[in-house]
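Using the sequences and the hints given, assemble the complete structure.
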Amino acid sequence: MNATNIRRLIFLVILLAVALPLIFNIDLTGRVTDETRQMFDNIEMLQSHSILMVSFDFEASSIAEVRPLAEAILEHACRKELRVVGVSLFAEGTALGEQMLAQVAKKHQLQYGVDYVYLGFRPQYVAAILAMGESIVDEYPADYFGNATAVMPIFRDLKNYNQVDLVVSIADGSMPTYWTEYAVARYDVNLEVALTASMATAFYPYLSSGQIKGLTAGLKGAAEYESLLDCKGGGRRGMFAQSVSQSVVILVIIAGNVVEYFNRRRKWK
Amino acid sequence: MEMSTLVAVVCTLAIFSFLYRDNPFYRMAEHILIGLSVGFTLVMLYNSVLVPKLLRPLFLEVDLWGIIPLLLGLTMLARMKRSLAKFSKPALALMIGSGAGLSIPAMFEARILRQLAASVEPFAMVGRGEELSFIFICSMIISLIGVISAMVYFFYTRPDTKLIGSISRTGVYFLMIFFGATFGYTVTSRLTLLIGRMEFLLGDFLSIL
Numbered sequence: 001m002n003a004t005n006i007r008r009l010i011f012l013v014i015l016l017a018v019a020l021p022l023i024f025n026i027d028l029t030g031r032v033t034d035e036t037r038q039m040f041d042n043i044e045m046l047q048s049h050s051i052l053m054v055s056f057d058f059e060a061s062s063i064a065e066v067r068p069l070a071e072a073i074l075e076h077a078c079r080k081e082l083r084v085v086g087v088s089l090f091a092e093g094t095a096l097g098e099q100m101l102a103q104v105a106k107k108h109q110l111q112y113g114v115d116y117v118y119l120g121f122r123p124q125y126v127a128a129i130l131a132m133g134e135s136i137v138d139e140y141p142a143d144y145f146g147n148a149t150a151v152m153p154i155f156r157d158l159k160n161y162n163q164v165d166l167v168v169s170i171a172d173g174s175m176p177t178y179w180t181e182y183a184v185a186r187y188d189v190n191l192e193v194a195l196t197a198s199m200a201t202a203f204y205p206y207l208s209s210g211q212i213k214g215l216t217a218g219l220k221g222a223a224e225y226e227s228l229l230d231c232k233g234g235g236r237r238g239m240f241a242q243s244v245s246q247s248v249v250i251l252v253i254i255a256g257n258v259v260e261y262f263n264r265r266r267k268w269k
Numbered sequence: 001m002e003m004s005t006l007v008a009v010v011c012t013l014a015i016f017s018f019l020y021r022d023n024p025f026y027r028m029a030e031h032i033l034i035g036l037s038v039g040f041t042l043v044m045l046y047n048s049v050l051v052p053k054l055l056r057p058l059f060l061e062v063d064l065w066g067i068i069p070l071l072l073g074l075t076m077l078a079r080m081k082r083s084l085a086k087f088s089k090p091a092l093a094l095m096i097g098s099g100a101g102l103s104i105p106a107m108f109e110a111r112i113l114r115q116l117a118a119s120v121e122p123f124a125m126v127g128r129g130e131e132l133s134f135i136f137i138c139s140m141i142i143s144l145i146g147v148i149s150a151m152v153y154f155f156y157t158r159p160d161t162k163l164i165g166s167i168s169r170t171g172v173y174f175l176m177i178f179f180g181a182t183f184g185y186t187v188t189s190r191l192t193l194l195i196g197r198m199e200f201l202l203g204d205f206l207s208i209l
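These protein sequences, in sequence, are chains A and B.
Numbering follows my numbering, in which position 7 of the first sequence is assigned residue number 7; successive positions increment by one, without gaps.
Numbering follows my numbering, in which position 93 of the second sequence is assigned residue number 93; successive positions increment by one, without gaps.
Hints were generated in silico from the structure; no laboratory data involved.
Don't take every hint at face value.
[Stated by the list, open to error] Listed below are several chain B residues computed to face chain A (Cβ distance under 10 Å; list not exhaustive):
1) Leu13
2) Phe16
3) Gly35
4) Leu36
5) Leu45
6) Pro105
7) Glu109
8) Arg114
9) Ala124
10) Tyr185
11) Thr188
12) Thr192
13) Ile195
14) Leu209
[To be verified] Far from chain B, some chain A residues (derived; all Cβ distances over 10 Å):
15) Met45
16) Lys80
17) His108
18) Tyr112
19) Asn147
20) Asn160
21) Lys232
22) Glu260
23) Trp268
We put the CB at the ideal spot given by N, CA and C, even for glycine.
In structure tokens form, the structure reads like this:
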């Protein structure tokens, strides 16, 4: 079998390793990590009607990974009766953020402008983060739908970060770095991050130093969060498929190395 | 079945067809994705920046302050013609200057000072006589070795002695562990994207799940 066919065979095996476990779904959520528990506890400790700012800092390509995280966090916020302010610092995440927030708000029958608001996209994220530290209404005179924010009940006692109890950046890139540099360092904002798995290692130092109050990442993070909420969403649904497909990847890596070892040995001889 | 679901299924399968070999269906889906992303971003920028921040204040509210950013923005377009490129320099200088002024202190504070403080904080705890667990002390020592050895590795003008060479090699091992962990997380991340697409195909399209 030539290299191209072996490659195609591996793709097929990975496809089956994802598809079959999804069909025969088994709940495989393991132990909840300290980081996810810390993130959950920080939201759990907030008083009802506290302000939670959720920043949808991701692009459409990573929706499969960030949607379960976002849905779990928004569900938690609604159960705690927090007031949610949604923003987006990535153009592509804007519509997706609105969709997710509206879906959870509809489920919990939240009132727009009172219990939650979606402010939408602002370019130049550094300027946007800094400007919200002075006045959110000045930075967003109108919300995502063009409604004037100044007259909304939610903004009666919400001027800037001083009234925001917690900011959660749901991100697939380095946006939480800018939240840390500008909102945390300058305005002492309490920041938590929900990330794609590939970004997690970059943000653990910020968690250790206390600049970030909580961190959860990837499908596993979403599954852990869902188990803390005692609900079953995209995270727990996908964990079995992820475990099986990861095992297959590990086996393929081992097999590839063994084959390469014997090929080299044959050449040496 | 909704039309949007059908379009998404066709595009997903067209992208997956690249796994077999490069083909026109894959190319078409790729071009649609890029075109849509650029188009969507342009519309978002028009609606959320140009209209509320420039056009409405300038033409409806007659707030003439908007002329300054408008002129600066227009001079940026002068870069497209070499003989006019010099007119873009003030706008560029303003952007670079304000950007550097904002980011240098912020980065220094968040990425260096706060991280350094966090690295030495455990030793201050020892100094204060706080009771620390054995695992915490071990992890503290490993962290310190990691920080110092990795920094020595990036110190290119170091004297070439045996001791510094072995510290630098230790730094390489720490870096390799970091890269390995990042690679593992990235594989997990990519598999999640595949799971997302499979959930869509099997659930929303075929209604098997």
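Hints, verified against the model:
no., hint, verdict
1, Leu13, "violated, 12 Å"
2, Phe16, "holds, 9 Å"
3, Gly35, "violated, 14 Å"
4, Leu36, "holds, 9 Å"
5, Leu45, "holds, 6 Å"
6, Pro105, "holds, 9 Å"
7, Glu109, "holds, 5 Å"
8, Arg114, "holds, 5 Å"
9, Ala124, "violated, 14 Å"
10, Tyr185, "holds, 4 Å"
11, Thr188, "holds, 4 Å"
12, Thr192, "holds, 5 Å"
13, Ile195, "holds, 5 Å"
14, Leu209, "holds, 6 Å"
15, Met45, "holds, 23 Å"
16, Lys80, "holds, 27 Å"
17, His108, "holds, 24 Å"
18, Tyr112, "holds, 19 Å"
19, Asn147, "holds, 12 Å"
20, Asn160, "holds, 18 Å"
21, Lys232, "holds, 13 Å"
22, Glu260, "holds, 18 Å"
23, Trp268, "holds, 26 Å"
Hints 1, 3 and 9, counting from the list given before, are not met by this structure.
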